[in-house]
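Got chain C sorted already, so can you dock chain F with the ligand onto it with the hints?
These protein sequence lines are chains C and F, in that order.
Just so we're aligned: the first sequence equals residues 1 to 538 in our numbering.
Just so we're aligned: the second sequence equals residues 539 to 692 in our numbering.
Just so you know, these hints were derived from the structure itself, not from any lab.
Below 25 angstroms or equal to it, Euclidean Cα-Cα: the simulated BS3-like pairs (lysine-lysine) are:
no., chain 1, residue 1, chain 2, residue 2
1, C, Lys348, F, Lys691
2, C, Lys176, C, Lys448
3, C, Lys465, C, Lys437
4, C, Lys45, C, Lys201
5, C, Lys465, F, Lys634
6, C, Lys176, C, Lys326
7, F, Lys634, F, Lys545
8, C, Lys176, C, Lys329
9, F, Lys691, C, Lys158
10, F, Lys691, C, Lys116
11, C, Lys448, C, Lys465
12, C, Lys116, C, Lys482
Simulated coverage check for chain F against chain C, where a stretch passes if three residues somewhere in it have a Cβ under 8 angstroms from a Cβ of chain C:
no., segment
13, 554-564
14, 668-679
Just the calculated beta-carbon pair ranges, DEER-fashion:
no., chain 1, residue 1, chain 2, residue 2, range
15, C, Glu83, F, Lys691, 38 to 44 angstroms
16, F, Pro605, C, Gly454, 48 to 54 angstroms
17, C, Gly199, F, Pro676, 24 to 30 angstroms
As the structure is a prediction and not an experimental result, all values here were calculated from the model.
By construction, the Cβ of each residue, glycine as well, lies at the ideal position given by its N, Cα and C atoms.
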Amino acid sequence: MSTTITHPPTDILVLGSGASGAAVAWRLSNRGFNIVCLEQGRWIKPEEYPNEHADWEIQARTNWAFDPNVRGLDEDYPINVDESPIDPLMFNAVGGSTIHWTAHTPRFHPSDFRVKTLDGVADDWPLTYDELEPFYDTYDELMGCSGINGDPANPPRKERPMPPLPIGPDGERIAKAFDRLGWHWWPSDSYVNSVPYKGRKACNNCGNTGLGCSLGAKGQTDVAIWPEAIKNGVELRTNSRVFRVDTDENGRATGASYYDAEGNENFQPAKAVVLAMNGIGTPRIMLNSASEVYPDGLCNSSGLLGKNLMFHTYAMVSGLFQDDLKTYKGALANMILCQEFYETDQSKAFVRGYTYQVARSSGPISTACGHMFGRVPWGAEHHAQFARRFSDVTVVGVIGEDLPEEHNRVELDPDLTDSNGIPAPKVYYELSTNSRKQLDDAIENAEKVLHEAGAAQILATPFLKVAGWHLMGTARMGDDPKASVVDRWGQAHDADNVFIVDGSVFVTCAAVNPTPTIGALALRTADYIDRERSDLKS
Amino acid sequence: MPDTECKISDADRLVLSAVMDLIVPPVDDLPGAGEMGLAGNAEELAGRIADYGEALHRVLEALSLDPSARAEGGFVALEEDQRIAALTALESSMPKYFDKFVDLIYIVYYSDERVHRHIGWRSGPLQPLGWELPPFDPSILETVSRREPFWRKA
Ligand SMILES: Cc1cc2nc3c(=O)[nH]c(=O)nc-3n(C[C@H](O)[C@H](O)[C@H](O)COP(=O)(O)OP(=O)(O)OC[C@H]3O[C@@H](n4cnc5c(N)ncnc54)[C@H](O)[C@@H]3O)c2cc1C
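One chain only, chain C, in its complex shape:
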């Protein structure tokens, strides 16, 4: 019979070491809390990253694929996507999905927190942009933000720690087209170093930001946050896969149970548990923590745990140019953005809006297999077509605001499990009519700007399947315990020592990449714990 290994108690137990878990552990360790973080993955060494290897493009499609179902590593868990047209993407290691992310880091707009009031859809957040702003600033400094002030589409803000990344000749070409149309554009904010920053090197434009940065130039929490958190005394325990948050007869958390690398069952007691396993991992483990007190999953009296999953809907419009600008040079998706169509326009048949994130092309295998411009045909036409597509493609990516809908959800799959036998998540998702209309409008306008920029040929991919980069909404925040899982501070309505800090808590998802907002919310929850919950500190 196997016995459970029980560890000495800690103040705060953080589950997950990605964008949010690292932030909370760092902040609270600065304030004298004892902290243990459990992470199912391991440390990745810089020399392991694909960009250090000649076969990087093959690795990007196999053992380093964005999709955990393709990668299939032991530390990954499978996700049943039979009922979802979008595949969720993530990485499971110290640093979480920030190992893989492209680090494009716009902020929510003030209006994003008030969509019910302004546009009569979804719900308002229980907090405002102004309340979150100082935490955005801190997260920008921690991770290292490159960018420049003066953007007319966003409120004025504190100077970024670094100037923008190079936008390159391809960026200038498309920026001028936006100018000629009278449309907004601005250099992307990026958590990628444009100059050396806090002992980390500057980006050398190698291109593939999404495959882990061996230079340390990209804001991944394993290099940007964890070293300092560990210096502060946080114990980061790797290869530790949580399967349950344990609770007492009053429904308060007592700690978490997990499997170590040898498959032994462990128990880590704690005064409070902070869940940071992302918008799919967190509801998965909470649903798996059902108990007598919580028959429908941890802190799920609202019945909303796992529901209201939002992804951001993506389309892609690629322009093929003939200037041979070598568009594979430079950080892949960190060039410029356009927020001309960000807000609800009453003259259109949909609510809310979208951002354009302009991106570059990639290496020869991606070109041939059609990452940016459809697969190059085989046969007699192959070489001519390849030559036209290689090295001068600019992609206008559409990020549409996906509205929360209860039927879009995460459940536990009755059969599928991970390598420890823990039930895997199953994702149910339907593209809404509103999203489809948004994407159609966005494609039309993207074609205009690519024409204006001089594209010789334009190809629209109306909907991206392998695009579940952003996982949000599955344990939403709110003031009403019947209509939300956590309160405005990320504290569960049902248990005062359970906190959620990842994208699960999003009420709506705006039309921008979510991670600065996730980080800012995590820091804000940490501040709340420090300020209001001295009972959790020994």
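Here is chain F with the ligand on its own, set in the frame of chain C:
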């Protein structure tokens, strides 16, 4: 016919090589992908990655069952236009496996240094060299900076 572990027979290797020459034909001084000797690389990758293995297996199996190929003594004995017709038929009858198979061929072809030289791509890892780009020049902001702030107050 290949066995389930994706090891293929000598005869299938010949078919694979002939198919590869059609998928990526010769260009300038480069022979087709098959004649370049890349069938072994495709086989190796297919052996490592289940999806590619399955695609390779299915395509070779389907070609071995193709009535025209059987009648004429195998795919390699067909005229070029017949071979192309056989592949085109597969492309429409089993698009999922065929597309994956084409990916497999492209991956091994565009991993080859001879091909890199031909297309002007620097072989090897992306790091530590990276690429040179001129630093950001703020003068590009001149037009857009003149615009009044238009973010929605809330
Ligand atoms: C390819 C890619 C590109 C992206 N690009 C961008 C971008 O440009 N901009 C942007 O804003 N966002 C981007 N994102 C999204 C961004 O990475 C996430 O929003 C962010 O990392 C989420 O942070 P998190 O802390 O919620 O979760 P994660 O960073 O995913 O971390 C969760 C951690 O929890 C661990 N975990 C999960 N389950 C368990 C368990 N049972 N036991 C123990 N540990 C567990 C995981 O191993 C993981 O390390 C991208 C994501 C991907 C995959």
